[in-house]
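> Mind assembling these two chains? They're in different frames, but the hints should get you there.
As you go down the protein sequences, you meet chains A and B in turn. All residue numbers for the first sequence refer to our numbering, where the first residue is 3 and numbers rise by one. All residue numbers for the second sequence refer to our numbering, where the first residue is 5 and numbers rise by one.
Some clues are possibly wrong.
[As the list claims (entries may be wrong)] Just so you have them, the derived chain A footprint on chain B, three or more residues with Cβ under 8 Å:
hint: 1; region: 13-27
hint: 2; region: 91-103
hint: 3; region: 130-137
In case anyone wonders, no lab produced these hints; they're calculated from the structure. The model shown is predicted, which means the values in this text are computed figures rather than measured ones. Each residue gets a CB set at the ideal place from its N, CA and C atoms; glycine is no exception.
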Amino acid sequence: MSPSVPLQEMIRAIRSARTQCEERGVIQRECAAIRAQFRQADNGGRSHNLAKLLYVHMLGYPAHFGQMECVRMIASPRYSEKRVGYLGAMMLLDEKQDASLLITNSIKNDLSHSNQYVQSLALCTLACMGSAEMCRDLAPEIDRLLRASNSYIKKKAALCAVHIVRKVHELGELFAPAARTLLTEKNHGVLHGAVVLIIELCERNPETLERFRKTVPDLVQIMKGLVLSGYSPEHDVAGISDPFLQVRILRLLRILGHNNEGASDAMNDLLAQVATNTDSTKTVGNAVLYETVLTVLDIKSESGLRVLAVNILGRFLLNNDRNIRYIAMTSLQKIVGTDHNAVQRHRGTIVDCLKDQDASVKRRALELSLALVSATNVRSMMKELLIFLSSCPQELKSHAASGIFNAAER
Amino acid sequence: MMRFLLLFSRQGKLRLQKWFTPVSDREKKKVIRDMMLLVLARQPRSCNFLHWRDLKIVYKRYASLYFCSGLENNDNELLALEVLHRYVELLDKYFGNVCELDLIFNFEKAYYILDEFLMGGEVLETSKVAVSDSMEEADTLQETMEEYMSKPTY
Chain A
3 MSPSVPLQEM IRAIRSARTQ CEERGVIQRE CAAIRAQFRQ ADNGGRSHNL AKLLYVHMLG
63 YPAHFGQMEC VRMIASPRYS EKRVGYLGAM MLLDEKQDAS LLITNSIKND LSHSNQYVQS
123 LALCTLACMG SAEMCRDLAP EIDRLLRASN SYIKKKAALC AVHIVRKVHE LGELFAPAAR
183 TLLTEKNHGV LHGAVVLIIE LCERNPETLE RFRKTVPDLV QIMKGLVLSG YSPEHDVAGI
243 SDPFLQVRIL RLLRILGHNN EGASDAMNDL LAQVATNTDS TKTVGNAVLY ETVLTVLDIK
303 SESGLRVLAV NILGRFLLNN DRNIRYIAMT SLQKIVGTDH NAVQRHRGTI VDCLKDQDAS
363 VKRRALELSL ALVSATNVRS MMKELLIFLS SCPQELKSHA ASGIFNAAER
Chain B
5 MMRFLLLFSR QGKLRLQKWF TPVSDREKKK VIRDMMLLVL ARQPRSCNFL HWRDLKIVYK
65 RYASLYFCSG LENNDNELLA LEVLHRYVEL LDKYFGNVCE LDLIFNFEKA YYILDEFLMG
125 GEVLETSKVA VSDSMEEADT LQETMEEYMS KPTY
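Bound-form chain B, shown alone (with noise of 0.2 Å):
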């Protein structure tokens, strides 16, 4: 299972981060701060595999965001790089040619993207046309609740 992914750009600021078992402030805290120096340390060409801790780490670059996540000892790394891949289309069609900038102004939305995608750690939908559409749902269903709890009542 995926242990945590991690989303931060080059400068080190953290922009997304889901822990998939439970783990104290202090410890997440040092956990992002290790990531941070390990991934940002990487030369461009290097493979995207780590060993750390008894975790393998596997990250890939994204324009200016690193995606980083620790997984298991028995997880396929391979797959793993294809799990970054696909949470990184399935942000580019719901937000329309992804930038950072769209992660930080709705950073709720990539959340509730994710949470469609995986779950405790393990990938819950195969198909990115039923995560688009729970998510376009899921979304009418919060403003048609907002248009409706504005209106006046009489």
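Isolated chain A, as found in the complex (with noise of 0.2 Å):
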């Protein structure tokens, strides 16, 4: 017999009742049989006893004795139950529960496991809900997985880190060594988990920022082998090898450009070279280049570089994805201030957009047009506007009144 036909049983009965009352009927049978197997001794169904508690309480019935269940689960031996018991944790049990203190001990303990996939199951936990007293606990446990591991412990540290450090600020500096070692991994989930890790470290830290700034070649080298790397069906997606990664680093390589022209020279090359050979035919060629854009935007980029960016955001304006031509109109509106004249370039097509089927494609058009009002233009601007008024939704009406009125008044 199946482990899990008594909780597709269950289900089942779940499903077939035909009213509301009758379900809450076949769910409080349920419930009262569950409570009493949970107060017997060891049985063989635990796990899936927990498990349909948790379906029950996925339908938004209340749960909460189950929670010393999911902590006696989590301390068993069994690998069955301690899945369920961690599931049963990440789904019942939050940091501000006292419950969730009484697992710290079998997570510490589970970190240490000799089977891999036990240790993840206490660091995705702890990834989860651990709470900033727990992460002060175990961040020393953390490091030395970090440090010492195989591929597969060594991502989830990382991002379990990243929790860490988003809990307890300070525990930053703790990290900050091994996230420079990772670097040199090969693996790419280790390599993306580095990465996610040293952006946390550098936003909170500007000491940080400053050493990792010396990490920009490495940076650099690591995108160019994906760029220019042949097909690698392990991480290929629409021809871009592992866009995921990609994302990742020029968004780190943004943070450690900005404000620095030595970080941004050394980019510089990189960047074109994305911008202009990544395959635009598809959204996950477009993500790739939107973050191109926004990081070239973000940092001391050379003129021929940030005409480029604005560049694809003007032909992104013309793509026939609604979402794309919604990024463009988000982004052209950060820089709306700051590069005016580039973003003037393509108040056509802007101004095309308030006709656009789509409320929010319409909504972030209207926005970016007011702010593109200028002396030289506004009559023109003004007739479009007064136009789209007359045709708007009710939702934008006010907005775009209110917005004429203001760019007359300048």
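See the structure below:
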């Protein structure tokens, strides 16, 4: 008999209830049975009972009586029970519950378990609901795992460290050395985790940021490898090699190059390469281009590169995909103050987007159009904006009207 | 980082909820209600991005399910679409032509797969193969233990 059958039988019984009232009746009966089972001594079906309770919880019914069972299951030596126990902890416990402290010891033990899948459960749960106290307690263990374990554990330890730093900022210093070393790893999962961790450290501490600026050449090398490498089946998404990692690295480069000439120079060529070589026929390529544009616009880039970036946004405005048009406008909005003339060049297309069917796109087009009104174009812009006002959806009317008024005043 | 990921049907039935920051039960219910209201009201060929409170909402419909994620302001929305798509691909590979019923009757598996792909609101593993392999090994470990435990001891 397959282990999941009792769970699936219960799910079937719940689903066959024809009314809300009937469903509540079934659930009450099931919960009573589950409660009784919890009170019994160790039996073979403990994980199924907890799983049933978690299902009931997802339907919106109260399940706090299962919290202690989660604690017990997590402490069990059986993997099947730990697996459901940890899942239950992530669903039913959060740092505000007293019960969550009780699992700290189990997590600590499981972090050094001989089986990596048990270690993995502990790392995942800590990263999901670890309180500041738990984080402080277990940080040294996570640092140890960052340095000396296999790739599977390292990548999880990296993201666990990210959570710890978000909870307890001072602990960032602890992880900085290990994070630096992880950049030399070949495994993409570990690299990705390392980049996320470094971003977190740099965003929180300017001194750490200074130190990590030295890694710009290494990051440029890694990106080059991804962009210029041939087809890699494991990481390929529509012709782009590991877009998730590419976007992350671009984001880190943005942080390191911001307000720094030296770093920005070092990444200039790479950014130009990515901007020109990335295939923009699918969303995934555009995701990378989008991140590249944001980076170019936020660092001390050469003017040629800046023009290239704004032109990419201009191309996005003409894309058939609404999402791309929306992204283009939010990005142009961010730079309409600093690169006003560059954005003005695309005014025609932006005004055309006022006629788009989509409400989100219309809203963005309105914001941007209002920002582009100037002494030279006020007459033609007003004409377009008034046409828009007469036919625009109700929720935008007042905003449009006040915007037009403000622009006219200027 | 991703703050939350919700999966729900057109009829407003929640099939999965993953919260990457501590949120009270009351607040969770409110967010779920708001997301369902916002997303289910959208026209079929709308933009997949919304603004809600201080978050960016990225959603995509796959067959009968809506995948809805809440992101922070400096997150890349286009990449978020790829993240949702990747999760669907992983589910599809695991269940073989996945459908809503698979996620209902095997909801705990959907969570286990998610936990091999995302952690702390960030992408954990960028290789599809690596995630599938980990799931297979973990499942084998679970089955072996179950079988071992159910055998009578002499």
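> Count the residues of the region 91-103 of chain B whose CB lies closer than 8 Å to any CB of chain A, then report whether that count reaches three.
violated (count 0)
> Quick check: do three or more residues in the region 13-27 of chain B have a beta carbon closer than 8 Å to a beta carbon of chain A?
Three-residue rule met by the region 13-27 of chain B, so holds; n is 7.
> Checking C-beta pairs, does the region 130-137 of chain B have three or more residues closer than 8 Å to chain A?
holds (count 5)
Violated hints amount to a single one, hint 2; each of the other numbered hints is respected by the structure.
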